[in-house]
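Assemble the whole structure, with the sequences as input and the hints as a guide.
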Amino acid sequence: MHTPVPDPRRWIVLAILSGSLLLISMDTTILNVAFPSLVGDLRPSAVQQLWIIDIYALALSGLLVTAGALGDRWGRKRLLMAGFGIFSLASLTAVFSTEAWHVIAARALLGIGGAAIMPATLSILRSVFTDAKERAFALAVWAAVLGGGMAFGPVVGGLLVQDYGWHSAFLLNLPVAALIIAAGVRYLPESRSPRSAGRWDWWGVGQSVVGMLALAGGIKQLGKSGVFDPLPWALIVLAAVALTVFVRRQLRVDNPLLQVRLFTKPAFSVAATAIFLPMMGMGAILFLVTQWFQYGQGYTPLEAGLRLLPAPLALICASMAAPTLMQRFAIRHVLGPGLVVLAAGMALPWGFQQFTELGYPAFAAALTIMGLGAGLATTVASVTLISAAPADEGRFLAVV
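Count the sequence shown with our numbering and you get residues 1 to 400, in order.
It cannot be assumed that every hint is accurate.
[Claimed, not checked] Simulated DEER-style distance windows between Cβ atoms:
| id | residue 1 | residue 2 | range |
| --- | --- | --- | --- |
| 1 | Gln-259 | Arg-43 | 43 to 51 Å |
| 2 | Ala-240 | Gly-165 | 37 to 45 Å |
| 3 | Asn-255 | Pro-189 | 34 to 42 Å |
[Unchecked claim] DSBU-like cross-link-like pairs, simulated, lysine-lysine; straight-line CA separation at most 30 Å:
| id | residue 1 | residue 2 |
| --- | --- | --- |
| 4 | Lys-265 | Lys-133 |
| 5 | Lys-133 | Lys-77 |
| 6 | Lys-265 | Lys-220 |
| 7 | Lys-265 | Lys-77 |
It is worth saying that the hints were derived from the structure and are not from the lab. All C-beta atoms in this analysis are idealised placements derived from N, C-alpha and C, irrespective of residue type, glycine included.
Take a look at the structure:
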């Protein structure tokens, strides 16, 4: 039996892809600690404040499926490099922003660039790591960087904002992106899917973008305004209609953006859900806790960021331990407890918030538990999803 020859550049590639993902995931939360300073400087309206926070994640999630399919067709390395070009331009725009709408536009562009980068990292990673054990380790690193970047974002943001103001949260992106582009051009391999040729499904693109934007917006609005506000439910209904039409179309066209029949595989659908929900929930918790530390407890941006450290440290430890646990136990015996631990960690801060006399140690315990659960769940789910997806197509990895 022929054994694929390992790519000699695979560990350099892993470092480049990890740096790429770290930058994207940190930008999801780095503005959390800079937000009070930004609000004090630009004086955005209440609606503008919501857009400043939400537009990055909305643009990112809305374009992931399209970006994954585009990478299969156009080339994953090329798409990743283009994504960093957009990301750098957006960061430069944010650095020189003097109005709230400037920041909103820059954050939207950052999300578009991030959508091009994120699925490409996972597709390239899978193509260069052909050995199962090495791939499991690489995926553990990928999951640790994804979750750890989200959790480290407020820490890095606090360090920068403390002395250099909120603009510095965007300025950091520029030198890092330049290094990744230079290294990526030299070391990243190009790859495409042989099955991606054919007519581009513009109708499917529109349906998926509308559906994903409405779904992400509805979930976010539901968490902010509660179950009695009709707006989030209207968005969720719109998402259901758009995604239903999208699914029906993908079942008919010859060259679908997304092979939706893959979701009939329990392993794939459970893994996708087990990645999406922890990242969505952890992002919301980190934002709310960061704001509570600053507005409710009077901490500086740096103090607030440092108090979140238990989450990323625990997440990294759990992510790196997950491959070993998967070798010893069935996947469901690792994923299930990971999700339970994550849910417990996410629920605890709400109780502690009502009993502030418990102090920071109680929050630290909750953040540690949340990080452990997120690390286990996302790593196991990522390995499972990679195993279930077709070997030569990255569009399916956009569901991550």
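In ascending order, which of the hints set out earlier in this document are inconsistent with the structure? 3
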